[in-house]
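Quick mapping for you: the protein sequence lines, in order, are chains Z and B.
Each residue of the first sequence is one higher than the one before, counting from 844 in the working numbering.
Each residue of the second sequence is one higher than the one before, counting from 16 in the working numbering.
Hints listed in this document are in silico derivations from the structure and should not be mistaken for laboratory results.
Mixed in with the good hints there might be a few duds.
Listed next, with one range per pair, are the computed distances between beta-carbon atoms [to be verified]: (1) B/Arg151 - Z/Asn1066: 38 to 44 Å; (2) B/Glu277 - Z/Ala1733: 41 to 47 Å; (3) Z/Thr1016 - B/Glu277: 47 to 53 Å; (4) Z/Arg1026 - B/Ser17: 21 to 27 Å.
Computed list of chain B residues with no C-beta within reach of chain Z, every gap over 12 Å [said to hold, decoys possible]: (5) Ala26; (6) Ala37; (7) Glu63; (8) Pro163; (9) Val274; (10) Asp283.
Non-contacting residues of chain B with respect to chain Z, defined by C-beta distances greater than 12 Å in every case (computed) [unchecked claim]: (11) Gly58; (12) His59; (13) Pro73; (14) Met74; (15) Thr77; (16) Pro91; (17) Glu136; (18) Glu155; (19) Thr164; (20) Ser190; (21) Thr231; (22) Glu243; (23) Glu261.
Glycine included, every Cβ here is placed at the ideal spot set by N, Cα and C.
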Amino acid sequence: MQLQILLQGVSWALNYTALRHPSFRQRLKEKEFVAQVKIKDGSVGRYYRFGKGRVMSTSGLHVSPDMTITFKNAALGVTLLRPPIDHTDFINAMKNFALQMEGEDEITQWFTDTISIMNTIRWDYGTDVGDGEMRYTNFTNGGPLFVYVKDGKIVRMTPIDLTDDDADSWTITARGKTFTPPRKTTINPHGLASKSVVYSSKRLLKPLKRVDFDPNGERNTQNRGKSGYEEISWDEALDITANEIKRVKREHGHGAIMNSHGSHHTWGNIGHYLSGQMRFMNAIGHTKMHLNPDSWEGWYWGGMHHYGNSMRNGAMEPYGQLQDCLDEAEMIVFWASDPESSSGSYASFEGTPRRHWARELGIKMVHIDPYCNHTANHIGGKWIPVVPGTSPAMAHALAHVWMTEGLYDQDYVETRTTGFDKYRAYVMGDEDGVPKSPEWQESETGVAPHTVRALAREWGNKKTYLAAGGKGTTFGGANRSATGAQWARAMICLMAMQGLGKPGINFGNLQCGAPIDYEFYFPGYAEGGFSGDLTGTASPIQLYQRQPHLLSMNSVTQQIPRLRIPEALMDGETSGYPTDARSLEGQFMGFKYPSPGHSRVRMMYKYGGSHFGTTMESNRLAQAYQTEGLEFVVNQSIWNEGEVPFADIVLPACTNFERWDIGEWGAAGGYSQHNQTMLNHRLIGIQHKCIEPLGESRSDYQIFTDLLKRLGLSAYFTEGATELDWCKAQFEASDLPKQISWKKFLRKGYYVVPAEKEENRPPPGFRWYAEGRKKDVPEPAPLPSEYGEKYLEGLQTQSGKIEFEAQSLKRFGQDPERPPVNKYIPSWEGRQTSELYEKYPLQLLTPHPRYSFHTQSDGKDGILNDIEDHRVLVDGYYYWVARINPADAAARGIQHHDLIRMHNDRGSVICAAQVTARIMQGVVHSAESSAEYDPIGEPGKSPDRGGCVNVLTPKRHMTEKTTGSAPNSCLINIELWTGQLEAAS
Amino acid sequence: MSKWHLIIDVALCHNCSNCFIACKDEHVGNDYPGYAASQPLHGHSWIEIGQRERGQAPMVDTAYLPKTCNQCADAPCTKIGEGAVHQRDDGIVIIDPVKAKGKKEIVASCPYGAIWWNEEEQLPQKWIFDAHLLDRGWKEPRCAQVCPTGAIKAEKISDADMQKRAEAENLKVLSPEFGTAPRIHYRNLHRFTHNFLGGTVIGDVDGRNECLEGVTAEVRQKGSVVGEARTDAFGEFKVEKLPSEEGEYQVSLALEGYVTSEISVTLDQSRYLGELKLAR
């Protein structure tokens, strides 16, 4: 009886909603069909006739309904239909086949969407700010934004000024001074430029088909990147793509479809590639692109073997270092560390005021970098230019001075480390007769011995923070080179000599370690949104238990290393070493492509066009796309750039401003657990759908759903939920409902998590270790089995201590380029490779760009083009900037803003020269990640004027037994570009 | 009567360009009738960041200088164009997007080059201090809100109070010789306009070169001391605020136990003198 009433209630509710909301009334006119709801034995049932803007329902069973929902019994029906509805009950009923839905996906998906819209259409969101404008919230990779919208168009985007309604900010008292951050959010240039890329002339607004691609005839794969496109309908694009998915699986078998994507996405937990895209790809089965840890290379392949931290890919614990540094440190050594440019990833300019405080407190600064980077220029201090790739030699020389002059923490070395005698023997030259003295390193590094001694004495006599990499606790251009593992290892060994974890002695650059609340839970994007992917995301740690949703699992185990996609496609085989954060040893387990019994890749499902900008020796990609064996390429992208013109079918996606999402500023999860440590305020927000998708573009979620309708998998994919429903699911999975109602959250747009009170703030990383206590920082790592003896005691290394002689590398024993004791091995491409150096006498550094984020917000006819330090307008074209030293420029007759051709045997790139003394002589500095790939002739074989400097960088791995990228080991030459092709390669 | 002023700290600007981007974000694609017509997507920099690099490796720096319409109290642009340009009571200068159509002479009237010509609309255009937003109750212009370093601050105070503050805090305006009474003041402008002289001092200690700390570096011009600094642990000294005009300078480097060294230099730009060795 109860079920009958509820079933009747459904049609009342639908009709009532149609009466109140014209758009819903309109929706109810879209389809005419009969939906049957019943219990399995047929004793209770009601069917609904849709069409003409209203719903007629009749008790009983229809003879030929278009769709049927069946509950096992009436009790279950009541449970699932009577509010409040627990989605867990739905999931359990589906998994046990107690709830089933039959019918064509086109109908069933429309039906579940309609029910969902009925429930959410009344929700009020955003703030009316007058003058016809609504204010919404959204996020970017560079910070949160208010988005002002008028007449369906974005007017402006601004950072968020916090109000009295928001939680108080934290304060830190250090050396008698009190510091508190500004009450507003900060934003990176790439985030602030968002409006200009939303309305970019390079937006894809209609589905496209390559003109000479015929899925039923000639595919002309050799013309990818060359032939033009014609607009086609969504139905045609989706049909072709879905048919190709079916065809390649049928014709070639397991593993024939490959998925490839950038390492980042537009911000938001639901729309992220680790969410919907993983769920979609898992649903169809795919050869996975195996991501190398390209932000952490040296730390992962090298550093962690000395001190553990594998779950962070070798990064240091990032907790209470802000307070400790301001309280105790006397000096900060920035080594390959430019947080003012890289923002530690997603943290905007949150660390900037803290570095001002450090300056105010008189903390000295030193910057070791071939480029006088923006942090060095802004905060000041001693700049030590070092020849790229030689930093490890300088580090050994620092150790030499400390050993010689007794300037290290002998007690710490004695009690908290192992293998020091072996390292000492190497440094002092006992084993090879070569003391690694300041004099020894000079010919490598170009740094005068007296400068090294001065630094060693300052460091050895002062409590010093080592800012290694942009985050201070990891990353850094030096870790992405042939000597990257050596460098990260050296950084850890140096800190071990100084007493890592003791007051004032730690890793950090004031970027990490803010006293925020680390216990308040909101999922980071790497937890996978609604992916349900328990192995490919960090979902199982917390999110899977908190947010009821179906799991997804890729049945294909075949993988291709990201850096070897071209070889896999062109040669049909390749191999790699994995990113496995579970242990120190997982990385030793090499894998091969193709896997036994698997198909080679015949279809590429690519998201976006970033890889020309981000793959070493990237002209390979152009050739790989043109191979005949790659029968079909579909690219789902927001902008027409990079690899997109190499696809057969292009599916236009919309930005996060045109769909619903939810997220937390800077929150990554996974390898970057507690990444919000860099923020001054934890800020969690709904990402309002600010405007309708432009043109015919669709959200990723919609595109995946539309494709899966053709494969009978749409209900599995969506679980009957819309993107907005998933946003609410994330909200409910988090700690937010205890603090703010969904209603208020939707209206206001965000919630600021109160700062941690002083007595609850976590200690600095490794303080527990330095003091011989149990681990007491709030991270669920390492895994329990990784402790040698007792849980929470000691490090992940075999000895449980910092190992100067790394036992994991010793056990592996197969990599002469990574000996157990860190030793200086010159780069395989650099000033020491004399033959090549003679031909190409300039070293190319390719750090992250300062204004764009990877390829995001670069190019696209956006407003970042007009920033002279980003791109320079020459003869009507916006060229990427390359920084060269005045002496190198003069020797080649190059003037400021001249066009230059940078070249080596791998290719050439045309850039605009910025002549500056801030880059040391013999080195060229030009950021990677250009979004534009614009070969002036044959793709893959002619100079690129878009600015993809990775065309020049080597594909060679850091060491033979790693799959680590090493773009910063690169030799080139440059010449004035005259526009003449004949000399160009 | 209080007026809107900006105070920009040159030492705090690190060229993130957010002020430039915010101005584009605000005006590209948006018409604000009575305030400004929309800005072209490319080509215009109503807020522009100048840069000047000083010195040589490893003692080198770049100063960044955000420049825009100075909202001058005595603005030349308001005097031409037959009423197309007016100054509001709060000091903000507005080029009327209707009345100014076709009046290219307004562009040339600005000695600071802060007015841009919109070819398509045939309009002179410039930064309007976000008057349209302030009129709606916003507390500061967007360039100040988006500045992550605190380099740009907006103040609504009387010209007289601003003057007092400028004197007390050593704030300068750009090119005061134009005589237009600009309402943008700069802190640490010497970073952009003046030169430095620096070097690294080393000496023989136990048979090896070492950086010498505590060396007094005195810079004199025509006999009078114009600057002094002491070397740090790396032996480096840097004497700031030397005038930008070419000049002859004498540098003496003195440390007990070493022979004082005297160096003559001609300075037409900032210079790092390199490693200077003191004899025992």
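Hints versus structure:
1. B/Arg151 - Z/Asn1066: 38 to 44 Å: 54 Å, violated
2. B/Glu277 - Z/Ala1733: 41 to 47 Å: 31 Å, violated
3. Z/Thr1016 - B/Glu277: 47 to 53 Å: The hint (47 to 53 Å, Cβ to Cβ) holds, given that Z/Thr1016 and B/Glu277 are roughly 48 Å apart.
4. Z/Arg1026 - B/Ser17: 21 to 27 Å: 24 Å, holds
5. Ala26: Non-interface label on B/Ala26 violated, nearest chain Z Cβ at 9 Å vs cutoff 12 Å.
6. Ala37: 6 Å, violated
7. Glu63: 9 Å, violated
8. Pro163: The claim is violated: B/Pro163 sits with its nearest Cβ about 3 Å from chain Z, within 12 Å.
9. Val274: Consistent with the label, B/Val274 stays out of reach of chain Z, its closest Cβ about 19 Å off (over 12 Å).
10. Asp283: B/Asp283 clear of chain Z: closest Cβ-Cβ about 16 Å, beyond 12 Å.
11. Gly58: Given that some Cβ of chain Z is not farther than 12 Å from that of B/Gly58, nearest at about 8 Å, it is violated.
12. His59: For B/His59, whose nearest Cβ neighbour in chain Z is about 8 Å away, the distance does not exceed 12 Å, so it is violated.
13. Pro73: 5 Å, violated
14. Met74: 8 Å, violated
15. Thr77: 6 Å, violated
16. Pro91: Per Cβ check, B/Pro91 is outside 12 Å of chain Z; nearest 27 Å; holds.
17. Glu136: Label holds. Min Cβ-Cβ 18 Å, cutoff 12 Å.
18. Glu155: Label violated. Min Cβ-Cβ 9 Å, cutoff 12 Å.
19. Thr164: 6 Å, violated
20. Ser190: 22 Å, holds
21. Thr231: For B/Thr231, whose nearest Cβ neighbour in chain Z is about 18 Å away, the distance exceeds 12 Å, so it holds.
22. Glu243: 19 Å, holds
23. Glu261: 20 Å, holds
Figure legend: structure checked against the earlier numbered hints; hints not met, in rising order: 1, 2, 5, 6, 7, 8, 11, 12, 13, 14, 15, 18 and 19.
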